[in-house]
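**Student:** Listed below are the residues making up each chain.
Number of protein chains: 4
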Amino acid sequence: MGGILDGMPSLVKIDREEIQRELDRRAPGRRADTSQRKEPDRIEILSGLSEEGLTLGSPIGFIVRNQDARSQDYGGYTNRFRPNHADFTYSAKYGIHAFAGGGRASARATVSWVAGGAFCRQWLRELGVKVEAHYIATNNVEEARNNGDSTGGLVEGLITGLPVGIGEPLFDKLHARLGMAMMSINGVKGFEYGDGFGAAEMLGSEAADFMVPGINGGVGFKSNHSGGILGGISNGMPINFRVAFKPTPTIMRPLETVDVNNEPTIINPAGRHDPCIAIRGAVVVEAMALLTIADMMRIAGYGSTYARMKDK
Amino acid sequence: MGGILDGMPSLVKIDREEIQRELDRRAPGRRADTSQRKEPDRIEILSGLSEEGLTLGSPIGFIVRNQDARSQDYGGYTNRFRPNHADFTYSAKYGIHAFAGGGRASARATVSWVAGGAFCRQWLRELGVKVEAHYIATNNVEEARNNGDSTGGLVEGLITGLPVGIGEPLFDKLHARLGMAMMSINGVKGFEYGDGFGAAEMLGSEAADFMVPGINGGVGFKSNHSGGILGGISNGMPINFRVAFKPTPTIMRPLETVDVNNEPTIINPAGRHDPCIAIRGAVVVEAMALLTIADMMRIAGYGSTYARMKDK
Amino acid sequence: MGGILDGMPSLVKIDREEIQRELDRRAPGRRADTSQRKEPDRIEILSGLSEEGLTLGSPIGFIVRNQDARSQDYGGYTNRFRPNHADFTYSAKYGIHAFAGGGRASARATVSWVAGGAFCRQWLRELGVKVEAHYIATNNVEEARNNGDSTGGLVEGLITGLPVGIGEPLFDKLHARLGMAMMSINGVKGFEYGDGFGAAEMLGSEAADFMVPGINGGVGFKSNHSGGILGGISNGMPINFRVAFKPTPTIMRPLETVDVNNEPTIINPAGRHDPCIAIRGAVVVEAMALLTIADMMRIAGYGSTYARMKDK
Amino acid sequence: MGGILDGMPSLVKIDREEIQRELDRRAPGRRADTSQRKEPDRIEILSGLSEEGLTLGSPIGFIVRNQDARSQDYGGYTNRFRPNHADFTYSAKYGIHAFAGGGRASARATVSWVAGGAFCRQWLRELGVKVEAHYIATNNVEEARNNGDSTGGLVEGLITGLPVGIGEPLFDKLHARLGMAMMSINGVKGFEYGDGFGAAEMLGSEAADFMVPGINGGVGFKSNHSGGILGGISNGMPINFRVAFKPTPTIMRPLETVDVNNEPTIINPAGRHDPCIAIRGAVVVEAMALLTIADMMRIAGYGSTYARMKDK
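Protein chains in written order, with the working numbering: chain S, 170 to 481; chain P, 170 to 481; chain V, 170 to 481; chain L, 170 to 481.
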């Protein structure tokens, strides 16, 4: 796995050990309720940093190597479409498919996003912006695991310290970009922010965020039904959002399916799989939020050539 | 209002009257539970069509004129930030704001999307693809109106006839693009597809779409928890999704807020406003889905130069 | 003709009369050596400006209407491919072609670029940036016209006052974007900047721009072989470039060609055509340079949300 | 050095040895008139290929490692701006600059483009498209080298076998994209195609490409002044273009300049540098043309999902 992070401003001090620690958070085998693979994801940064660890303003290239990806764990599925996986659609679209793990539809690919997000976090911290996400249990994960089953889950995200004015008004609304990023994560079925789906059942009189004179000459809001965004643009309040993950599709039971010749067959899954992808998904949600916020701040001119000339 | 629709393939037969009828569906004043403005939106197509009404493959430019936009309906709010509106964030971001109606944050702007979607529908119909959306009541709209209040609502969308293979696997996943389009609509707070947020509470054994040999040499699915998309790519099943709209923020009650000088003030709204934006929102959801699906089919090579050369 | 200019920062004071004057410069019939059509191009600005003429930061939509486009001037060519025109390639690519004037391959379309450039000029002027271009005669235009012939020509452009640091280092090099913009103009066959093609015959010792301490703490250059750009990024020196235009392809002589059925035929051109497109092309070159420079300054953060927050 | 090539269609058979041979063509030390470094560029392909060497339709990631980049060859310039180099503009734009070789302004970076182009060539070959470029001497290179000097040069490119219809009519004209790609190469000062700058001095009657019925029901052209492109779209004729390279800026003579503190200083260059960058530049020109043509064919729908479904 590897990636290239473009658009990072120059002169951001990067703590390489912190990047590694963020990767470690995503790695499986850290808790009983995630996959038992022990993947020592080690990041190698190839470009974009000075010897002192300052960003140069050029793309940051990196590789994440992993010693523990046992391809035999996946090999048994060759030429058979796993239900609720991309095997079938990839095969149809491309006429060829790497059935073994590690492709673009694999959760392994998210390691690059986590690495990219970790770089962004260090820039955003300088600007006072903080991004965090956590898993919300919706089901009994250990019971599902013991039954060879899996379960879905929720992840809640929170962005604080974002200045007013981030987000573009039409096709790059802040929540639209955030939602798109979340929907790009494997297994995500829904996204909402602020009052979210609950807003559909509310009255206007219940959802009003009255405004009052705020501190330091700024405005204040008496509530935050809007979730920190008005018209696609941050209003200075915390941004909160929720992401719904489906259950891990690979469960330890016979799965009825067809093979590449459209003949009926059964898959009896083996291997190591998270019983609830939302648990490790929280780290990926955080990474995608970091990448999105950093990109939107870049679009708004933070870290730009102008900003550097002005701040000089 | 106006727009330019780029990317439409050539040789699509356009029925101009049908375009107008689609605009009429969006127009207010058609039912008791929408705004009472009688806007005769008339579309004028400026470019992109031959005299016979065939698309030329060049951008389709159009203007939609409206005689009934009474700016005085909005004028009273000048220099005061309406709660839950973009007035404040636009003013902060740009240092200037057109407080009168008609700006980018106005629902009026969606008329261009509806027009664009109407063109796309005529192409998609040739390909056997059908897109529809409808409003799902979640509250008593007429009661809210009589109380000077408003209410949120849901819109459900359905896409049928889409061939296998539409959507890109990484950053242009079909549902990610669809979700982004929906989140770009004014007042939308959430998006889900397939099992959606319900998936977060399901077990893997409840959510499996088993595969079987299908008709015509294709594969079949015994259920559709995936909502027609696997790994970001259409699998041939219907695509279903839901969109949550917040209540109309402008209600007929005193609204506590501040003005551009950060002084406390009260807005007493007047004018004509939909008590539930989701009702007319269904037409906009349909339009955005049409635009998205057409764009993703274009990216997948439908209507391309290659397709024309091959079909010749 | 019309267009939408997106990305213009807010709070730029727009002089509408100046926009009109720029369009008048492009219009034919102003000098003996251009086309004799008298086109009163009148611009109508539809959006993006406040009543006081300040930009709102939203897209500027405009229409340019023309009363004098006599379609019969072009009608005679229907179904016959004019040599050195796009008639053939458009027909092949799209399976349909509007043979009458006014399509995308028509020089008429450049009126939108001129309008867009005129808006950009007013912003750039605030920043001290100046863009100009002029025609350089390479042939005897009036003699060619009297012979029913046409001639090519050169246009030279000059950009002054650009701050250091504009242009991106890899795929959006300033001269690459400038060159692409110029190559997008109808009839352009070549682009060079600084020493240009002459550099191919020079020695390194002849082309060195030695550096010296400059005024105001900045650096100075003893010469400008580099044409104001180093590594794709402006260095503070004037940017100079040249653009080669081919002769007007429609000349008053029998032109051997084929029709849409691939049958040989002859076109005897009539109508009003510039004997040298480079003459009016200078205005278009200027417009495209204005659009490019404004866009690159926008990318570098000028006029951004950050800039506004900082300058406040 | 490394890169990620996205957009390559699936099922293209890749010959890895041929990729390596293309890199070897770019490597210095192969001829007396290029740099004497002996860089064994070895490519390692990390993703995107099946075990049988077929493309999967996913991004092709690769790394090119080099053992011979002696950083001390560059180290002497630290904190001093080499004339006609990007040292100054990078430092100004980013506030930090890696003065040692290997950055984005280094010719070393072109190794990724050459690798990417080599993949594209193998796809284009399947489609019958051929791209080649060669150096045209304009000066006495060996004499310049012996004098510690350098010289500019020309590169001529030729694209044959391209089907009709490649290129987009407005902002992605085939020659505009080709020109932009060429202007992105280090040291390029000019681009022209077809008659190029010569067209500026021609009469319309000299530049006409008369059309005649051609073979196989297609049209034919009696000449090719247009250089294979009409209105930005390929017309089936060969595409020819020329690129002007400036002399290598680093010459073996004292170079007057300033340091990062704006103090005057002298650089006495050492190290190994090509006396004429155009010689090895020809390989880069070829690579950029391959990348551009492949991309434009992709945009035209070649290799698309539709194409695969249709060809199945």
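Fair warning: there could be bad hints in the mix.
As the list makes no split between identical chains, a pair holds if one copy fits it or if it spans any two.
What the hints assert, rightly or not - When the alpha-carbon atoms are kept at most 35 Å apart in a straight line, the in silico DSBU-like pairs for lysine-lysine are as follows: (1) Lys481 <-> Lys391; (2) Lys299 <-> Lys479; (3) Lys182 <-> Lys481; (4) Lys481 <-> Lys299; (5) Lys299 <-> Lys391; (6) Lys182 <-> Lys479.
It should be emphasised that the hints constitute simulated quantities derived from the structure, not laboratory data.
**Student:** For the identical chains here, do Lys481 and Lys299 meet the 35 Å Cα criterion within one copy, between copies, both, or neither?
**Tutor:** For Lys481 and Lys299, both the intra-copy (25 Å) and inter-copy (25 Å) Cα distances are at most 35 Å.
**Student:** Please work out whether the CA atoms of Lys299 and Lys479 approach to 35 Å or closer within one copy, between two copies, in both situations, or in neither?
**Tutor:** both (25 Å within a copy, 21 Å between copies)
**Student:** Could you place Lys299 and Lys391 in one of the four classes (within, between, both, neither) given a Cα distance threshold of 35 Å?
**Tutor:** within (22 Å within a copy, 44 Å between copies)
**Student:** Given identical chains, is Lys182 near Lys479, meaning Cα to Cα at most 35 Å, within a copy, between copies, both, or neither?
**Tutor:** Answer is both; intra-copy 20 Å and inter-copy 23 Å each pass.
**Student:** First find the shortest C-alpha distance between Lys182 and Lys481 inside one copy, then the shortest across copies, and answer within, between, both or neither for a cut-off of 35 Å.
**Tutor:** both (17 Å within a copy, 28 Å between copies)
**Student:** Up to 35 Å between alpha-carbons, please classify Lys481 paired with Lys391: within, between, both or neither.
**Tutor:** The answer is between: 26 Å across copies meets 35 Å, while 38 Å in one copy does not.
Against the hints set out earlier in the document, no violation occurs for any number.
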